[in-house]
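Visitor: Please put together the full structure from these sequences, using the hints given.
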Amino acid sequence: MSNPAIAVEDLHKTYGSGSRAVVALEAVNLAVAAGEIYGLLGCNGAGKTTLVKILLDIVRPTRGRTTVLGVSTRSAAARRPVGYLPEDHRFPDYRSGAGLLDYYAALSGVNAQTRRKRIPELLKLTGLADAAQRKVRTYSKGMKQRLGVAQALVHEPRVLFLDEPTDGVDPVGRAHIRDILRQLKGQGMTIFLNSHLLSEVERLCDRVGILEKGKLVREGTLEALTRGAILFALTTVPPLDEALRQALLEIAVSARQVAGGCEVELRSDADLDRVIDLLRARGVSIRSVASKRLSLEDVFLQAVDKGAGGPAVHHEAHEDHEKGTTPPSPSSSS
Amino acid sequence: MRQFGTILADSFRESVDCKSLQVLLVLALILIVLCAGTSFETEKPEGVIEKQAALLGVQQQRGHRFGWAWLGGNVECKATDIKPVTAQEGWGPEFSGGFCLTLTFKTRDMLDLLTRRWRAEKALAEARARRPGVRPPEPPSDKDPLTPQDYRACLEGRFREMGYARTQAAFLSEDPPAFRLAVRTDYPHELCGASRMKLLYGAINFPLLQTSVAEMVVTMQLFMANIFAGGVGIFVAILVCSGFVPSMLQKGTLDLVLARPIGRGRLLLYKYIGGLWFVFILSAVLIAGCWLAITLRTGYANPWFLVTVVTITATFAVIHSVAVLVGVLSRSGTLAAMLAIFVWGTSATLLAIRNWLRDMYAGQMAPAWLMNTLDALYAIAPKTSDLAALNVSFLSRSHLSEQAFQRAFAGRLPKIDWAWSLSTTALFTLAMLALAMWCFRRKDY
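Line by line, the protein sequences give chains A and B. Last residue of the first sequence: number 333 in numbering that gives the first Met the number 0, and the count goes up by one each step with no gaps. Last residue of the second sequence: number 444 in numbering that gives the first Met the number 0, and the count goes up by one each step with no gaps.
Check each hint, because a few of them may be wrong.
[Stated by the list, open to error] Once the Cα atoms are required to be at most 25 angstroms apart in a straight line, the calculated DMTMM-like pairs of lysine to aspartate or glutamate come out as:
id, chain 1, residue 1, chain 2, residue 2
1, B, Lys250, A, Asp166
2, B, Lys442, A, Glu8
3, B, Lys442, A, Asp87
4, B, Lys442, A, Glu25
5, A, Lys212, B, Asp443
6, B, Lys250, A, Asp87
7, B, Lys442, A, Asp9
8, B, Lys250, A, Glu86
9, A, Lys134, B, Asp16
10, B, Lys18, A, Glu249
11, B, Lys250, A, Asp240
12, B, Lys442, A, Glu86
13, A, Lys140, B, Asp16
14, A, Lys143, B, Asp16
15, B, Lys250, A, Asp92
16, A, Lys140, A, Glu86
17, A, Lys214, B, Asp443
The hints are simulated quantities; they were obtained by calculation from the structure and are not laboratory data.
Guide: Have a look at this one:
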């Protein structure tokens, strides 16, 4: 990618040292094109927030290079065209909504004339115009989150980092924030979205990266990620055990246990026969076989599974895209 | 510059939100009103001289920082025949405009007692002035015979100590001992016992016996600068401002600030200056208000009083640097305030002990290791009490004649090497700030 808006090269971050060292990021490389919405997925503690904080110079990397719009993030100038909404943000609650935006805009170097014009526009955009003069301490969680989006935009940034922007927001509020982000994308803004809400990422992002234990294990467009492999759901008796799962991994890209059977990701349709042969050879009775299109959740869970090397992790509900003759398996719909 | 102004304004807004600014402004206003309710009433010269004669046996002790000395508590003498100096009496032209009086002691023993005690005090003061901290020589023995010159020197000296620039005594009679004196002052407002002080717009009214109006004005100004603004005000300001940095460092708040295009060093420096700005504004309101009130009500306008705003802010700057460092390291406003106050109190105590040991007997009473340790600590410690002494020095010197300064304030001032004191204090502050910035810049948040 030439001239990426965000570039991360061989990024390492280790907190602490010696026996207490915790590796937060390991050899992460990624690039986000200008005008793109990039979603970074990962479990809690995967290193998503650390990565964003390094891109904003809030956390210093152990090794590696990061740039935003071609400027090293170690420089204060790199933050001039950048907006940021942190997770669990906390505003000085002695200010009004409008006063808070004015404060952050001035800190970003916006002149008074521009602030006077820009702040009412943003308050209107985020639906906070009526509460503009109210103290922030009287705002609801959803209002604070929308105010957070407004403060990230107050200096008209070209790159926006959002860390769990819809966290704790009701469905209506989420839809509102999604609309705002779509508008911004339409205006050509680069957006880096950190989330563990897969549905949000699926609906908004052009490209997705999956971070697991500090490593970027998958990356690509949504289509590429979900198209890259062939997934089959098999209902078996008895259900898949760990020994059988390991045996399947010699044929399949991934195999994971789900309630009543297993899901296997294959490189080609022909491999399905080999899987069935293997299962039959081990005395497993196959009750149904269903072809599935991979959802982002499947991709994520597979990526996490590989990282964890164990059975499926628990995850949030999402819209299923199953194509098959049998009812959806509990794991793919739960 | 825009970011600087924004952070200053934010610090101010934060202090407004916690109501501390309003409380301090109300307290300052009360003091300004109290100052405005203070005035002085000058008494007639004849009455003043009578009162001064009655107080001959009491003097403010010199060469020492505390209290009064009773030169002869039971000395009874009376001034009579008080009248303006005329050419007929033969006093020199330098007494023109002054007064002459006849001073009669009840007994010779009383005169002897006063003279011997005064002579001893004078010897002590001179010895200390020559070599500060050296144990003074034994005073002249009570059995030494006294000459008429000794009596005259004593009486002339005592009246000079009461604010007269020129005094001359002539022996009149031996029994009862009586003298004719001529006195003249160049600065009437520096005469001890010449005025009455009125507080609360006259509700409280009392005579100034051993002090002059000019000294009282300086004392009031020092109270405002060193006790109220420089003591109570700074204490409260530390409690308020120590929270500025930790509140910025709160999780969720700091990210929003650090994501702005502003360097961490500058950010911390601006927050630090935000605290100074808070104190500067408050002390400026208090000092300027008191200055105006004192000027309008008493007519004594000393513009140097306004300069104390700078020393008060400088004192706070020293202590606040400690609070900023502790705030960065601990993210706790309470701990930052506690440690800043601890450093402030400890350094002031250390300085007081060191100066006391040095002034009293040049450290000869204390073991060498203790004096060396105190000297080393003095070199490192912030010398905030020296800044208070700086206020005493320039306020009194600017407002009083040399004679009145020596009489009233010189003894209160420890011997200070100002260049050393101020530079090491500035270095301490810079070191605290540099350390705070270094920690802030390299820390992950």
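Visitor: Looking back at the hints listed earlier, which ones does the structure fail to meet?
Guide: 10, 11
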